[in-house]
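So the protein sequences, as listed, match chains A and B. If you're matching positions, the first sequence starts at 1 in the working numbering and goes up one per residue. If you're matching positions, the second sequence starts at 465 in the working numbering and goes up one per residue.
Careful: at least some of the hints might be erroneous.
Stated by the list, open to error - Some chain B residues judged to face chain A by a derived CB distance under 8 Å, without partners named:
(1) L556
(2) A628
(3) Y897
(4) P901
Said to hold, decoys possible - Here chain A is said to cover these stretches of chain B; the calculated rule only asks that three of the stretch's residues, wherever they fall, bring their Cβ under 8 Å from a Cβ of chain A:
(5) 581-590
(6) 675-685
(7) 801-812
What the hints assert, rightly or not - What the simulated footprint calls covered on chain A by chain B, stretch by stretch (three residues with Cβ under 8 Å from a Cβ of chain B suffice, anywhere in the stretch; the number is not a length):
(8) 188-201
(9) 204-214
Worth flagging that the hints you see were computed from the coordinates, not collected in a lab. Ideal Cβ positions, reconstructed from N, Cα and C, are used throughout, including at glycine.
2 protein chains.
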Amino acid sequence: MELFFDPDDDRSAIRQLYEQIRDAILDGRLTAGDRLLPTRGVAADLGLARSTITEAYGRLTAEGYVEGRAGGGSVVAERLVAYPDSEMPAALTPTPLAASLRAYDPAPEARARFDLRAGRVDAGLFPVAAWRRCQLAALRRAPGQYSDPAGSTALRTALAHWMAASRGVTVTPEQIVVTSGTSHAIDLVARVLLEPGDVVAVEEPGYPPVRELLRAHRLDVAGVPVDRHGIVVDAIPPAARLVCVTPSHQYPLGVLLGRQRRRDLLRWARRADAAIIEDDYDSEFRHTPGPLEPLHRLDRDGRVIYVGTFSKTLSPAIRTGFMAAPHTLIPALTAARQIVDWCPPATTQQALTLFLNDGHLSRHLHRARAVYTQRHTRLHHELRQRLPAGYRLLPADAGLHLAVVGPNTPPDPDLRHRAAARGVLLTSLRRSYQQHPTASFLLGFGALPTGRVAPAVAALTEAL
Amino acid sequence: MELFFDPDDDRSAIRQLYEQIRDAILDGRLTAGDRLLPTRGVAADLGLARSTITEAYGRLTAEGYVEGRAGGGSVVAERLVAYPDSEMPAALTPTPLAASLRAYDPAPEARARFDLRAGRVDAGLFPVAAWRRCQLAALRRAPGQYSDPAGSTALRTALAHWMAASRGVTVTPEQIVVTSGTSHAIDLVARVLLEPGDVVAVEEPGYPPVRELLRAHRLDVAGVPVDRHGIVVDAIPPAARLVCVTPSHQYPLGVLLGRQRRRDLLRWARRADAAIIEDDYDSEFRHTPGPLEPLHRLDRDGRVIYVGTFSKTLSPAIRTGFMAAPHTLIPALTAARQIVDWCPPATTQQALTLFLNDGHLSRHLHRARAVYTQRHTRLHHELRQRLPAGYRLLPADAGLHLAVVGPNTPPDPDLRHRAAARGVLLTSLRRSYQQHPTASFLLGFGALPTGRVAPAVAALTEAL
Chain A
1 MELFFDPDDD
11 RSAIRQLYEQ
21 IRDAILDGRL
31 TAGDRLLPTR
41 GVAADLGLAR
51 STITEAYGRL
61 TAEGYVEGRA
71 GGGSVVAERL
81 VAYPDSEMPA
91 ALTPTPLAAS
101 LRAYDPAPEA
111 RARFDLRAGR
121 VDAGLFPVAA
131 WRRCQLAALR
141 RAPGQYSDPA
151 GSTALRTALA
161 HWMAASRGVT
171 VTPEQIVVTS
181 GTSHAIDLVA
191 RVLLEPGDVV
201 AVEEPGYPPV
211 RELLRAHRLD
221 VAGVPVDRHG
231 IVVDAIPPAA
241 RLVCVTPSHQ
251 YPLGVLLGRQ
261 RRRDLLRWAR
271 RADAAIIEDD
281 YDSEFRHTPG
291 PLEPLHRLDR
301 DGRVIYVGTF
311 SKTLSPAIRT
321 GFMAAPHTLI
331 PALTAARQIV
341 DWCPPATTQQ
351 ALTLFLNDGH
361 LSRHLHRARA
371 VYTQRHTRLH
381 HELRQRLPAG
391 YRLLPADAGL
401 HLAVVGPNTP
411 PDPDLRHRAA
421 ARGVLLTSLR
431 RSYQQHPTAS
441 FLLGFGALPT
451 GRVAPAVAAL
461 TEAL
Chain B
465 MELFFDPDDD
475 RSAIRQLYEQ
485 IRDAILDGRL
495 TAGDRLLPTR
505 GVAADLGLAR
515 STITEAYGRL
525 TAEGYVEGRA
535 GGGSVVAERL
545 VAYPDSEMPA
555 ALTPTPLAAS
565 LRAYDPAPEA
575 RARFDLRAGR
585 VDAGLFPVAA
595 WRRCQLAALR
605 RAPGQYSDPA
615 GSTALRTALA
625 HWMAASRGVT
635 VTPEQIVVTS
645 GTSHAIDLVA
655 RVLLEPGDVV
665 AVEEPGYPPV
675 RELLRAHRLD
685 VAGVPVDRHG
695 IVVDAIPPAA
705 RLVCVTPSHQ
715 YPLGVLLGRQ
725 RRRDLLRWAR
735 RADAAIIEDD
745 YDSEFRHTPG
755 PLEPLHRLDR
765 DGRVIYVGTF
775 SKTLSPAIRT
785 GFMAAPHTLI
795 PALTAARQIV
805 DWCPPATTQQ
815 ALTLFLNDGH
825 LSRHLHRARA
835 VYTQRHTRLH
845 HELRQRLPAG
855 YRLLPADAGL
865 HLAVVGPNTP
875 PDPDLRHRAA
885 ARGVLLTSLR
895 RSYQQHPTAS
905 FLLGFGALPT
915 GRVAPAVAAL
925 TEAL
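This is chain A alone, in the form it adopts within the complex (with noise of 0.2 Å):
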C-alpha cells in the first residue's frame, strides 16, 4: 500500500499516516498478517522524519490495529474485517439506449446435467498440447509494443492461406483484420460504413447480440424473414445500406441460403448499392458430404465482407476472429480498430499463427468434425422419436445446433426455466424475433457427450 502525505491538510503529518494505515485496516486492503512498510523507506519516501512514522505506528499498535513483530517491523493485528463495499451513489447514470441492452446473464452450469445452450464448443476436444506448444514458442519474447491495428502481418498471411484452403475464399493478407470476435468485427463495419439512423437488414429469426450491437450504433435495424431457403431477399427494405446474413447455416434456424438466393442477394446488393456480411460462424462443421460455398466466392463486385471466428473452430475463449473486406474499407477499419483498442494480443497472434502453419487446425477440425457429426446424428434421431407432437425438428447439415419449432401458439416464457428444473439448459429462441416469436428453442451439441444425448432428449421431452 503506498502512503500519501499532504502538507497543505489541517490534520499533522502522524494523524494522516495513521489515518490512512487504520482506514486501510478498516475496510480490508490490509489483512491480518499484513507487513507495514518500514519506517526508514516511507520516511525517505515522502520526506518526513523517521520519527514522525515511529510515532504514527506506535499509536496504531496502541490502538491495537497494529502489534510488532520479533523480527523487528509492524505487522498488522489478527482481526476480522469485512471486504470493503463501498457505498457510490447513483449520480451516474446510463442512456436510455446504454440501459435497455440486455444485462450479463451469468452462465448456470454449475447446476446443469445437460448444457445444450448454443455457442458452446466441447472443451474437452480442445487441443491443449499442441495449442499450448504454440504459445509457449510464442513466450519466447517478450510481448513487446504496440502493433498493426489489423494484425500481425504473419497472422494475415497465415489466415488468408486458411481460408483459401478451407473455404475457397481469395484474399490477398492486406485484405484481412484480425478482431476479438465476430461482433468485434461487425462493430467495426458498423462504425467505419454506416451513419446513426441508416437502414441495416438482419434475418428474422437472427442472432440477438448482432443485432442489439448494430442498435446500439442507432441504426434502424430491419428483420428480414427467413424461409427453407434462407433470407427473403424480396423482403429486404429497399434502403438497407448493409444486410447481415449467415449463409452456410442460418442462425438459428440452421438453413443453408440456397443458390437462387445467393445470386439474388448479391444482385439486389449491386441494384441497391448495399454491403453485405457473410457471418461464417460455424460452417467449418458440415454433416453431410456436398458443398457449403461461401457467399464470397460468388461476389464479383467487393460487396461481401467475409467475417469468420475461431469461437467454435477453437474456443471462444481465445476471443479472436477475422474478416476479410474489400481494399477500400482496410484504412478505415484499421484506425478504427486502432483508435478503440490498438492491436489484437502479441502473444494470441504468434500462437495462433504457428498453429494455423503447423497444420494443428486441420488435424484438430478432422478430428473434432468426426465427434460432432455423431453427436449431431445421434441427436437429429433421439429427437425425431421423441419429440412430442406440435414440435418440429429443423434439418441442418453444419453448425453445432439444432433447430425446433415449438406449436404456434405464444411462446412458452417458462420453457427455459421447466428445463432447467430438468438439468437441461437450452437457447430459447424468443429473442431472436424482433416480431411474432414462436416457442421455438436452440439444442446445441457442442458440450454434449454422444452417450448423454439420450438421457438429455428424455429430460428435455419431460419438460415439453
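Starting from the known structure of chain A, fit chain B onto it as the hints suggest.
Quick look at chain B alone, frame taken from chain A:
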C-alpha cells in the same frame, strides 16, 4: 483446400474440379509441392465416383499443373506463381467521419537508432520467466466458453487488491471492468453514458487517440487548456457531461494536477452534474518521493471513473487494462462490452490473476522503476545541458516521457523527419492540440537504455 461440386452447374463435374484446382494454382493458393487431396476422400466428400476425381487430376497432370509422386498421390508441380492481389472494385466507401480518422502509421523502428517515442516500454525489462510461468499454469486447461464480460471474479478481486495496495483506490471487485486497455474503457463509458452531440471536455494539449475516439462517437469534443497546475477548471464548458483528465502525469505535458485544482474539478463536476474519467496511465513510475494520490480518492460522490492499464507497467502488447466505475454503471458497461467483444480472453485473465496474486507485478515494478528513474534523471540532465536556446524542458515527476516546448513559432512540420534522418524517433505534439499548436515534442525514455541517453540527445540537438 476444400473442393466444391455444383450439380446445377452447366460444366461437368470433372471440369468443375479441374478449374477449381487450376485456379487455386494460378493464383497461388496451392503452391509447388502441395499435395492434392486423395481421390478417394474427395469422391466420398462430394458424393461423386472416384473415377471422376481421377480424371480431373489426370487432366491437371497432362497440362503440367500437377505431377505424380513416387509414393502415390499428386502434388502441385514446380512453377512460379505471383501472390494473388485480387482487384476488388471500390464499391464500399467509409463514411466521412470514418475516413477522417488518422490512418495507422506503421512503426519505422527498424531504421531508427534511438526510439524516443512516447508510450514505448523497455521490452528487455519484461519479466519473461515469471509471465511465462503464469501463462503455463493457465494453459493447463482448455480455454473454455464465453465468460463474464466484465472479467473473471478472480481477476477483478486481484485488481481490487492491487488498486488498493498500489494506488490507495478502494473499490469492490464488482465495480471493476477488465478491458483491452485505456481506450477500450473510455469507449465503453462513451457508449453507455453519452448521446451523439453531447459535450465532452479533454485536455488541450491531450492524448490524440482519446480525442479521436470521442469524436468518432459523434460527441462535441472541447479542448480545455492545461497550465502548470493541470487542466484549467474554469475553462471547462458548462455543458460538458464528461471530462477526461490525466491527474497524476498530464499527457503530454507531464504536470501534476494541483491539489486545489483537484478540489475545484470535483466541485465543478458536482455543480455541473458531470462524470470524470481519471486516466492513470503511467503513474506507477514516479521518480521523486512524495504523494501522487489519485483523484479517485478525493471523490465523495462517485463521479470519478478510474481507468488503469498494464500497457506501461507490463507491455502494451498484452492488451489489458481495467476501470473502476460506480455500481450504477456496471450493468450497462457489462452489457455494452458483451455485444461488442463478449469478454476478455481466458488465458490472459488467469495468467494475470496469478501474476498479481503472487506478487510478480510489485517485484517487476520495483525493478523497472529503478531503471526508469535512472533514465529519467539522465535524460533530464542531458537535455538541460544541451537543448538549444528557445527550447524549454518541462518538469515531470512521473511516467516514461519528458516534454520539450519549442520556440513559439508555428510548429516545424519537418522536425520529426529531420530527427528521423538522424536516427531519432520522437513524438511531435502537433496532433495533441486541436488549435494553436507549438513546436513541442515528447521524448520517451521507456525503450532508451541509460547508456544511450547522451548520444540520443546529441543526435536530437543536431536535428533541432
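To see whether the hints hold, each was checked on the structure:
1. L556: Result: holds, 5 Å to nearest chain A Cβ.
2. A628: Cβ of A628(B) sits 4 Å from chain A, so the hint holds.
3. Y897: Given a least distance of 18 Å, the restraint on Y897(B) is violated.
4. P901: violated, 20 Å
5. 581-590: holds (count 6)
6. 675-685: holds (count 4)
7. 801-812: holds (count 11)
8. 188-201: holds (count 6)
9. 204-214: holds (count 3)
Hint violations for this structure: numbers 3, 4, all remaining hints satisfied.
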